[in-house]
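> Guided by the hints, dock chains B and C onto chain A, whose structure is given.
Here the protein sequences come in this chain order: A, B and C. Note that the working numbering has the first sequence beginning at 29, numbered continuously upward. Note that the working numbering has the second sequence beginning at 10, numbered continuously upward. Note that the working numbering has the third sequence beginning at 515, numbered continuously upward.
In short, the hints are calculated from the structure, not lab data. Given the structure is predicted, the values throughout are model-derived calculations rather than measurements. Careful: at least some of the hints might be erroneous.
[Said to hold, decoys possible] Facing chain B, a subset of chain A residues (Cβ under 10 angstroms, in silico): (1) L137; (2) V142; (3) W144; (4) T146; (5) A147; (6) Y148; (7) M153; (8) L263; (9) E295; (10) L300; (11) V304; (12) F305; (13) V309.
Beta carbons: idealized from backbone N, C-alpha and C, even for Gly.
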Amino acid sequence: MRWGVLLAALVALPFLAGEYYINLTSQIFIFAIFAASINLLLGYGGLPTLGHSAYMGLAAYISALAALKLGWPHWAAAPAALLGTVLVAGAFGLIALRATGLGFLMLTLALSQVLWGTAYRWVSMTDGDNGLRGLSRPFQIDGATPFYFFALAVTVFSLWMMARYVGSPLGAALKGTRDQARRMSALGHDVWLIRWVTFVYAAFWGAVSGLLFVYYHKYIHPISLSLQSSAEGLLAVIAGGSGTLAGPLVGAAIVMLLKNWASAYIERWNMLLGFVFVFIVVFMPEGVVPGVKRLWLRFRSRA
Amino acid sequence: MRIANLTHGALFMLGAYLGVSILKRVPDLWLAAALAGAAVAVFGFFLERFILRKLGGNVLGQVLVTLGVSFIIADLCLIVWGGDPIPIPTPGWLQQPLRLFGLVFPAYRLAVVVIAVIAAVGLYVLIERTRLGAMIRAGVDDMDMARAVGIPVSRLFTTVFCLGAALAGAGGVIGGPIMSAYPGLDADMLPLALIVVILGGVGSLLGAFVGAFITGFVYTFGVALLPDLAYVILFLPMILVIAFRPRGLFGKFAA
Amino acid sequence: MAALQIKSLKKAFGGLPAINGVSLEVAPGERRLIIGPNGAGKTTLFNLVTGDLRADSGSISLFDSEITKFSTHRRVHRGLARTYQIITLFPHDTLEHNIALSLLGLSRLRWDFFSSFEGNSLYADATEILKLVGLEHLAARPLAEVSYGEKRRVEIAMALAQKPKVLLLDEPLAGLSREERGTVKALIASIPRDVTVVMIEHDMDTALDMAERITVLHYGSVIVEGTRSEVVADPKTKEVYLGH
Numbered sequence: 029m030r031w032g033v034l035l036a037a038l039v040a041l042p043f044l045a046g047e048y049y050i051n052l053t054s055q056i057f058i059f060a061i062f063a064a065s066i067n068l069l070l071g072y073g074g075l076p077t078l079g080h081s082a083y084m085g086l087a088a089y090i091s092a093l094a095a096l097k098l099g100w101p102h103w104a105a106a107p108a109a110l111l112g113t114v115l116v117a118g119a120f121g122l123i124a125l126r127a128t129g130l131g132f133l134m135l136t137l138a139l140s141q142v143l144w145g146t147a148y149r150w151v152s153m154t155d156g157d158n159g160l161r162g163l164s165r166p167f168q169i170d171g172a173t174p175f176y177f178f179a180l181a182v183t184v185f186s187l188w189m190m191a192r193y194v195g196s197p198l199g200a201a202l203k204g205t206r207d208q209a210r211r212m213s214a215l216g217h218d219v220w221l222i223r224w225v226t227f228v229y230a231a232f233w234g235a236v237s238g239l240l241f242v243y244y245h246k247y248i249h250p251i252s253l254s255l256q257s258s259a260e261g262l263l264a265v266i267a268g269g270s271g272t273l274a275g276p277l278v279g280a281a282i283v284m285l286l287k288n289w290a291s292a293y294i295e296r297w298n299m300l301l302g303f304v305f306v307f308i309v310v311f312m313p314e315g316v317v318p319g320v321k322r323l324w325l326r327f328r329s330r331a
Numbered sequence: 010m011r012i013a014n015l016t017h018g019a020l021f022m023l024g025a026y027l028g029v030s031i032l033k034r035v036p037d038l039w040l041a042a043a044l045a046g047a048a049v050a051v052f053g054f055f056l057e058r059f060i061l062r063k064l065g066g067n068v069l070g071q072v073l074v075t076l077g078v079s080f081i082i083a084d085l086c087l088i089v090w091g092g093d094p095i096p097i098p099t100p101g102w103l104q105q106p107l108r109l110f111g112l113v114f115p116a117y118r119l120a121v122v123v124i125a126v127i128a129a130v131g132l133y134v135l136i137e138r139t140r141l142g143a144m145i146r147a148g149v150d151d152m153d154m155a156r157a158v159g160i161p162v163s164r165l166f167t168t169v170f171c172l173g174a175a176l177a178g179a180g181g182v183i184g185g186p187i188m189s190a191y192p193g194l195d196a197d198m199l200p201l202a203l204i205v206v207i208l209g210g211v212g213s214l215l216g217a218f219v220g221a222f223i224t225g226f227v228y229t230f231g232v233a234l235l236p237d238l239a240y241v242i243l244f245l246p247m248i249l250v251i252a253f254r255p256r257g258l259f260g261k262f263a264a
Numbered sequence: 515m516a517a518l519q520i521k522s523l524k525k526a527f528g529g530l531p532a533i534n535g536v537s538l539e540v541a542p543g544e545r546r547l548i549i550g551p552n553g554a555g556k557t558t559l560f561n562l563v564t565g566d567l568r569a570d571s572g573s574i575s576l577f578d579s580e581i582t583k584f585s586t587h588r589r590v591h592r593g594l595a596r597t598y599q600i601i602t603l604f605p606h607d608t609l610e611h612n613i614a615l616s617l618l619g620l621s622r623l624r625w626d627f628f629s630s631f632e633g634n635s636l637y638a639d640a641t642e643i644l645k646l647v648g649l650e651h652l653a654a655r656p657l658a659e660v661s662y663g664e665k666r667r668v669e670i671a672m673a674l675a676q677k678p679k680v681l682l683l684d685e686p687l688a689g690l691s692r693e694e695r696g697t698v699k700a701l702i703a704s705i706p707r708d709v710t711v712v713m714i715e716h717d718m719d720t721a722l723d724m725a726e727r728i729t730v731l732h733y734g735s736v737i738v739e740g741t742r743s744e745v746v747a748d749p750k751t752k753e754v755y756l757g758h
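For reference, chain A alone in the conformation it holds in the complex (with noise of 0.2 angstroms):
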C-alpha cells in the first residue's frame, strides 16, 4: 500500500515541481539503484564492499567508450556495458571472495582502487582527469522530465528485482550465510557460491545505476571510480538502515539532498562526509529506518 502511495507521489512529481527536483530526483533514483545494490551485499550478505563504484564507474566507461571510439548505438552499448562489468565482477569476486569481513573488504576497495587508477593513468583511453564527454542518451530522452520517466521505470523494475532476490529461496539462503556461515555449510548449502553469485548480482544492478548514471550527466570522470563514491553509496546504506529494503532508498535521497543542499554552501563536501560517517556510527548505528520505526512504534504504544 504505502509503495503504492510513493510510486503515485513520483509519478505526479514532474506535473507539480520545477525542473531542479525533477533532475534532483533523479540523481536520487540512480543513486538508490547503487545503494540498494550494495545493500544486496552488505545487508543481506554480511560482506562490506567498498569498492562498488567500481562497478558503476566500469559500465558508465564501457558505454561511453564504446559510443566515442567504436561508434556504437546505445542499443549494443548497453548490453556490451552490463556484460563486459559482469565479467570483471565475476573475476573480482573470486578473488576477494577468498576472504570474509575485513579481508573482503581490503580486497574490494584494492581492486576498485585498480580500476580507478587506471582510468586516471591510461590517458589514452579515457583521457585521464579530463574525462569523458560529449556522450548521449539513449531514445533522446534529453529533456529533464522525459529522462526523469525513464529513470523511475529502470529504477522501479531494478529495485523490485532486487526485492525478489532478497525474498527468494536464494535470498534466503544468502541471510541465512549472513547470520551463521558455518551452519549454512552444515545444512547443505555452497557458501562461497551463494556469496560469489551475489557479488555479481549486486555489480549488475550496480552496472545498471553506472549506464543511469552516463546517461544523466552525458559524463564520466575517474571520480566515480573513486573510494569516495563508494563510501557514499556505503553511507547512504549505513544511514538509511542495512537489512531493510526502503533503507536504501532512504538513505540514498538523504545522502543526495545532502550533497546538493551542502555543496551550495559549504565549499568542503569531504569533510561534511567524513563528520557523517563518524556521527552515524557512534549515534545511529542502526541506521535512521529502523531508528525511525523503533521510535514509532514507542510513539503509538504510548498513544
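Frame of chain A, contents of chains B and C only:
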C-alpha cells in the same frame, strides 16, 4: 591489532604538511620529522582513545569512522595549506649523488632505505623480543586473558596506535623530499599500505617488509615498461598472492 | 561396508595434538556412543568428520567412498548430518523457517532467485518434520522465543530434515532437565534404522543405555572400544573417569 584503519594514508599526509610548516621554523628535516611524528601521534591518541576504542570488534564501524576521519583530515589540509603541491627540500648534505660500486645513487633515497631498515628492525625487535612486545602480542591474541593476567591491554593498544601514527607522520616528512606534500597524497599512500598488509599477511611484520619490497620492485619496473597500466601492476602481486594464498605470504590468518 | 570409517586420523593445533591417530568403524544402522573426559577430542573428531576442520593426515569414508578432501557442504550432500553442542540456529526466524533452510540445503530450489521463499512448498514439509519432534504447534514462533529444551529438539529436527544416512549428535542432552532429557532420548530412540547414529555424550549414565557400541576417547586416542558391558567392565575406562 586487528583494527580496520583507513586513516593511515591521511596521517602520512598530515605529517607531511605539518613538516612543511615546522620546517619554516626548524630547518632540520630530521627534527621536523620527529616533531611532526609526535604531533600526529597526539592526534592518533585522541582518535583511538575516544572513538576507535568504543568500536572494538565492529569492523564496519571502524572502517567508516576511519574513512570519515581521513576525509576530514584531507579537507582540513586543503583548507590550511591550499591546493598546490608543496615541495620539501632535501637536506643539504644528502643532495649529492653517491658513487658506490661504480654506480650512481641519489643519496637521499639511500638514506630513506637505511631509515626504513632501521625502523623495520626496531619494530621487529620491539614486538618479538621485548617484554612490551610480548604483552602487546598477548593482548592481540586473547584480550580477556591478557587483562586477567594484569596486562593493561587498552593502554598498550593506544600506545601502539600512537606509535603507528607517529611513524606515519614522520614518514610523511621523510618522504617529503621525494613526494612533496599535495592533496591526494593520502589516497596515493593508502592503497600502498593496504597492498603491503594484504600481500604480506595480516599480523606479520616480516610480511609487511617483504610485501613492501616486492611491491616496490614490481611497481618500479612495471611502471617503466607499461606506464599506462601502472595501477594494475601495483596491485598485481597482491592479487596473485591472494588468489593462491588467502592469508598472504606470512599471514597468521586469512584477513 | 562401514557406514562411517575413520583411518588413522591426526590433527594438531600448533604443537598440541588434538587427535592422535584415531581409527574407528561404524556399521550401517548402528548406534555408536563416543565418550571421554573433557578435552579428549570428541568435538574435534566430529569437526573433522563434517569438514569444519581439515585433518593433517588420515582418511574418512562414508559408505566406502572417501570424503577426506571434501568441503563441508559436499559431505552433507553425501548423506552426513550433524547437530551442534552450542545452538547455532537462526534465532530471529521462525521454527518453520529454520527447518525450511535445512530442507533448502539439499533441494533444487536453493538456486531459485526469483520466486518467493516464504510460505512455499518447503514450509509444508517443514511442518511435517516439526511433527516428528512434536513441535508443529510452535512452527510460526521465532526460535528465540522457545525453551532451551525445545531448541534442542529443533536442532535434531534440522538434522533429520536432511534425511541423513549418518547422523552425528554432539551432546544432544546437554543442559536439559530430566523431563526434557526423557523426551529427547525417546526422540533419538525413534530414529529409523536406516540412519546410522553416532553420538557424543559427556554424561555416561544417561547415555549408556542409548548405545550399542561405545568408543572411549582420551587425549585424542581411542583407549577402549566395544559393547556396553565390555566398556563398563574395562579397567581403563574406570581409570579415565575416576582419575579425574
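> None of the hints should be skipped; say for each whether it holds.
Hints, verified against the model:
no. : hint : verdict
1   : L137 : 7 angstroms, holds
2   : V142 : 5 angstroms, holds
3   : W144 : 7 angstroms, holds
4   : T146 : 5 angstroms, holds
5   : A147 : 9 angstroms, holds
6   : Y148 : 8 angstroms, holds
7   : M153 : 8 angstroms, holds
8   : L263 : 8 angstroms, holds
9   : E295 : 9 angstroms, holds
10  : L300 : 9 angstroms, holds
11  : V304 : 7 angstroms, holds
12  : F305 : 3 angstroms, holds
13  : V309 : 5 angstroms, holds
When held up to the earlier numbered hints, the structure conflicts with none and fits them all.
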